[in-house]
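Line by line, the protein sequences are chains W and B.
This note's numbering applies: residue 1 is where the first sequence begins, and numbers increase by one.
This note's numbering applies: residue 1 is where the second sequence begins, and numbers increase by one.
These aren't lab readings, by the way, just hints derived from the structure by calculation.
As the structure is a computational prediction, the values presented were derived from the model and not from experiment.
Keep in mind that the hints are not guaranteed to be accurate.
[Said to hold, decoys possible] Below, in silico cross-link-like pairs of lysine-lysine (DSSO-like), each with a Cα-Cα straight-line distance of 27 Å or less: (1) B/K121 / B/K22; (2) W/K181 / B/K181; (3) B/K108 / W/K246; (4) B/K246 / W/K181.
[Unchecked claim] Ranges of calculated distance between the beta carbons of each label pair, as one might list FRET restraints: (5) B/E112 / W/S250: 46 to 56 Å; (6) B/G4 / W/H301: 42 to 52 Å; (7) W/G249 / B/P340: 29 to 39 Å; (8) B/P185 / W/E308: 18 to 28 Å; (9) B/E223 / W/Q225: 43 to 53 Å; (10) B/E223 / W/E276: 28 to 38 Å; (11) B/A242 / W/H301: 21 to 31 Å; (12) W/E308 / B/Q225: 32 to 42 Å; (13) B/G53 / W/V312: 39 to 49 Å; (14) W/G227 / B/R281: 52 to 62 Å; (15) W/N20 / B/A242: 53 to 63 Å; (16) W/Q225 / B/N20: 44 to 54 Å; (17) B/E223 / W/L96: 54 to 64 Å.
In this text, a Cβ means the ideal position worked out from N, Cα and C, and glycines have one as well.
2 protein chains.
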Amino acid sequence: MQRGVLTDPVVAYETWGELNEKRDNAVLIFTGLSPSAHATSSPDDPATGWWEGIVGPDCAIDTNRFFVICMNSLGSCFGTTGPASINPDSGKHYRLDFPALHIEDIGKVGYELIQSFGIKKLFSTVGPSMGGMTALAFLIQFPDVSESFLSISSAARALPFAIALRSLQRETIRTDPAWGKGSYPLAEGPIIGMRLARKLGMMTYRSAQEFDKRFGRERISEERQTGDPFCIDFEVESYLEAHASKFVGSFDANCYLYLSRAMDLFDAAEHGGSLEAGLARVCVDRAMLIGVESDILFPIHQQRELAEGLDVGGRQVEFIELPSIQGHDSFLVDMDRFRPVITHFFNQQVLKLYKKDRDKVWQI
Amino acid sequence: MQRGVLTDPVVAYETWGELNEKRDNAVLIFTGLSPSAHATSSPDDPATGWWEGIVGPDCAIDTNRFFVICMNSLGSCFGTTGPASINPDSGKHYRLDFPALHIEDIGKVGYELIQSFGIKKLFSTVGPSMGGMTALAFLIQFPDVSESFLSISSAARALPFAIALRSLQRETIRTDPAWGKGSYPLAEGPIIGMRLARKLGMMTYRSAQEFDKRFGRERISEERQTGDPFCIDFEVESYLEAHASKFVGSFDANCYLYLSRAMDLFDAAEHGGSLEAGLARVCVDRAMLIGVESDILFPIHQQRELAEGLDVGGRQVEFIELPSIQGHDSFLVDMDRFRPVITHFFNQQVLKLYKKDRDKVWQI
Numbered sequence: 001m002q003r004g005v006l007t008d009p010v011v012a013y014e015t016w017g018e019l020n021e022k023r024d025n026a027v028l029i030f031t032g033l034s035p036s037a038h039a040t041s042s043p044d045d046p047a048t049g050w051w052e053g054i055v056g057p058d059c060a061i062d063t064n065r066f067f068v069i070c071m072n073s074l075g076s077c078f079g080t081t082g083p084a085s086i087n088p089d090s091g092k093h094y095r096l097d098f099p100a101l102h103i104e105d106i107g108k109v110g111y112e113l114i115q116s117f118g119i120k121k122l123f124s125t126v127g128p129s130m131g132g133m134t135a136l137a138f139l140i141q142f143p144d145v146s147e148s149f150l151s152i153s154s155a156a157r158a159l160p161f162a163i164a165l166r167s168l169q170r171e172t173i174r175t176d177p178a179w180g181k182g183s184y185p186l187a188e189g190p191i192i193g194m195r196l197a198r199k200l201g202m203m204t205y206r207s208a209q210e211f212d213k214r215f216g217r218e219r220i221s222e223e224r225q226t227g228d229p230f231c232i233d234f235e236v237e238s239y240l241e242a243h244a245s246k247f248v249g250s251f252d253a254n255c256y257l258y259l260s261r262a263m264d265l266f267d268a269a270e271h272g273g274s275l276e277a278g279l280a281r282v283c284v285d286r287a288m289l290i291g292v293e294s295d296i297l298f299p300i301h302q303q304r305e306l307a308e309g310l311d312v313g314g315r316q317v318e319f320i321e322l323p324s325i326q327g328h329d330s331f332l333v334d335m336d337r338f339r340p341v342i343t344h345f346f347n348q349q350v351l352k353l354y355k356k357d358r359d360k361v362w363q364i
Numbered sequence: 001m002q003r004g005v006l007t008d009p010v011v012a013y014e015t016w017g018e019l020n021e022k023r024d025n026a027v028l029i030f031t032g033l034s035p036s037a038h039a040t041s042s043p044d045d046p047a048t049g050w051w052e053g054i055v056g057p058d059c060a061i062d063t064n065r066f067f068v069i070c071m072n073s074l075g076s077c078f079g080t081t082g083p084a085s086i087n088p089d090s091g092k093h094y095r096l097d098f099p100a101l102h103i104e105d106i107g108k109v110g111y112e113l114i115q116s117f118g119i120k121k122l123f124s125t126v127g128p129s130m131g132g133m134t135a136l137a138f139l140i141q142f143p144d145v146s147e148s149f150l151s152i153s154s155a156a157r158a159l160p161f162a163i164a165l166r167s168l169q170r171e172t173i174r175t176d177p178a179w180g181k182g183s184y185p186l187a188e189g190p191i192i193g194m195r196l197a198r199k200l201g202m203m204t205y206r207s208a209q210e211f212d213k214r215f216g217r218e219r220i221s222e223e224r225q226t227g228d229p230f231c232i233d234f235e236v237e238s239y240l241e242a243h244a245s246k247f248v249g250s251f252d253a254n255c256y257l258y259l260s261r262a263m264d265l266f267d268a269a270e271h272g273g274s275l276e277a278g279l280a281r282v283c284v285d286r287a288m289l290i291g292v293e294s295d296i297l298f299p300i301h302q303q304r305e306l307a308e309g310l311d312v313g314g315r316q317v318e319f320i321e322l323p324s325i326q327g328h329d330s331f332l333v334d335m336d337r338f339r340p341v342i343t344h345f346f347n348q349q350v351l352k353l354y355k356k357d358r359d360k361v362w363q364i
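Chain W extracted, bound-state conformation:
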């Protein structure tokens, strides 16, 4: 898989709110591996978004105040060019002819996107999970492009436990005969492999502590049991089954492989020779790093590492460790903990700008 050039790539995004005249109220959100650009519902698209309740009018990321842009990642399958797209040069789907994908490439698309709006400097760049890596790659490559940075449950580099996990997820897909080295009919694909990959994902997106509390040793009811040997017996198995069924058919297997591998390859230390050098290239006034104690995929020590690396050159850096028990996925479900912290991040920055502009004293 070689580096290559994409002809006429397309980027899918959604926006909420209005860009002001000075074009300084824009917030760019990069997503995790699997979501689309549809972060929240709107009159144009009333379907529930993946960050509903966090992005919206009067929400933590307030669309009355900010022009919020959410971008579907390069390599994904929700409108932006990826392995499931048609290659204009050949007229055929890219599949494995898609060039090697790096998190940095996704960041570059983000830069092109804000240029198209004539935005010189974002109010903030936001990224949860893989989106935090993308935001970091974006800020490292394009200095002075954002006033602030909000990173949630992310990392400055992939570590071996997460690499091993993703490697296994890819192997379940690649060893499914229906994958056919990426040549499956796009409407079908390696369903068995994708189901296993998703189940394995769900186990590391949540936490053992949450599973204990939520499922314990609860069995499924007798009428739901099939009588097959080794069939689903416990509620926790049924939970994974339900998540796998929802995921399969909604995400393209080759896109999954490319994005998953891109995360493994990401290492901020490649920008300047060390993690310190890489993170020092991030040019923002303020950064907030939120992490969750029960996260086994992007563990809390990686949030601390990010915070320490960014805390140079007079930047204002806040590291918030939340006691959520829902693991890596907490930012999607533990709204009561995340909402006030994200709200605080944006309010503080608004007040700070207000102070800078008007030279007035302010207090929270």
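Could you slot chain B onto chain W? The hints should help.
Positioned in the frame of chain W, the structure of chain B alone reads:
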């Protein structure tokens, strides 16, 4: 899968040391899911055992002093009757006709085994991992059969994270077309599924912390890279690959499914209606529960639960939490930490017996 009756089951075991005249110096070891009865080497079988260095002359479990018996579990494939054995009634391999297996059944075989030696009371019953569950099931079902109990990285019941993990491992095997609902040629079998199951196992037998230290982001050398897309690139992937290759071909897939499911089903609370009632049935003078902080499969809070449950009725109970970073597998590799603790367990008991017998004062 129904409960059933086995005709003429066979049990494979090994012994080291000599049974004394009073037949009170016997130690019975139950194993984890995958090992054979070959815990340690001997002149008869010089191959390295799975607990080499812990069991042996002058070792922590001292075969100069004790008559040590290690038993291959019922349902396994190293000599004891299991799904890969011939059913004497039909002349064919059991495969999925093997009756539903419970941890309690393995404990019952252990009882028959010591009866065959004329042992009324064991000096100690020892079990790491699944072996700890088996030892517990044995001690609950046969009161007063052992002077003491040494449980290592085990649990009084399976909890949902471990259940989910094992369910996924079984699914990788069952969805491998080569499994053929258990009817594969015994020398071959679902290699792809078994490889995935083992890799997933290795991820939870060790710890993220150990992986960080051992592999970091180290890449494999260029000459080992195949150039295939999504091929093995990082050392941690190569490590999992090596372990998977070693495992496949050495363990029967149907046996794996039965033993894995048996662990999910185990719950000491089924003996008497509650965990407290179940554990109160264990009739030993002394118990030691050793656990490891970094174990995500049998987490430390489950060792504490065991210790608290056993600490009733004047038993002497010690709970030892070791700071090993090798996770669940620490008892197989972190010998420097385990050796002195296990030695202490046996010495203390020997001294105690000495005191009881001779009415002398003793000190450690």
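Tested hints:
For a cut-off of 27 Å, the pair hint linking B/K121 to B/K22 stands: about 10 Å separates their Cα positions. For the hint linking W/K181 to B/K181, the alpha-carbon distance of about 26 Å falls within 27 Å, and the restraint holds. Pair hint B/K108 plus W/K246 does not hold up; C-alpha atoms about 43 Å apart against a cutoff of 27 Å. The straight-line distance between the Cα atoms of B/K246 and W/K181 is roughly 26 Å, inside the 27 Å bound, and the hint therefore holds.
Checked against the hint of 46 to 56 Å, the C-beta distance between B/E112 and W/S250 comes to roughly 53 Å, which is consistent with it. Taking the beta carbon of each, B/G4 and W/H301 are about 50 Å apart, inside 42 to 52 Å as hinted. Between W/G249 and B/P340 the beta carbon distance is about 55 Å. The supplied range of 29 to 39 Å is therefore violated. A hinted range of 18 to 28 Å is violated for the C-beta pair B/P185 and W/E308, which are about 56 Å apart.
At about 52 Å, the CB distance of B/E223 to W/Q225 agrees with the hint of 43 to 53 Å. Distance hint check for B/E223 and W/E276: the Cβ-Cβ separation is about 32 Å, which falls inside the suggested range of 28 to 38 Å. Take B/A242 and W/H301: their Cβ atoms lie about 27 Å apart, and the range 21 to 31 Å holds. Distance hint check: the CB atoms of W/E308 and B/Q225 are about 33 Å apart, consistent with the given range 32 to 42 Å.
Separation of B/G53 from W/V312 is about 48 Å and conforms to the stated range, judged on CB atoms against 39 to 49 Å. A hinted range of 52 to 62 Å is violated for the C-beta pair W/G227 and B/R281, which are about 32 Å apart. Distance hint check for W/N20 and B/A242: the Cβ-Cβ separation is about 58 Å, which falls inside the suggested range of 53 to 63 Å. Range check, W/Q225 to B/N20: Cβ separation about 51 Å, and the 44 to 54 Å hint holds.
In this structure the hint that B/E223 and W/L96 lie 54 to 64 Å apart at CB is violated, the actual value being about 23 Å.
Checked against the numbered hints above, the structure violates hints 3, 7, 8, 14, 17; every other hint is satisfied.
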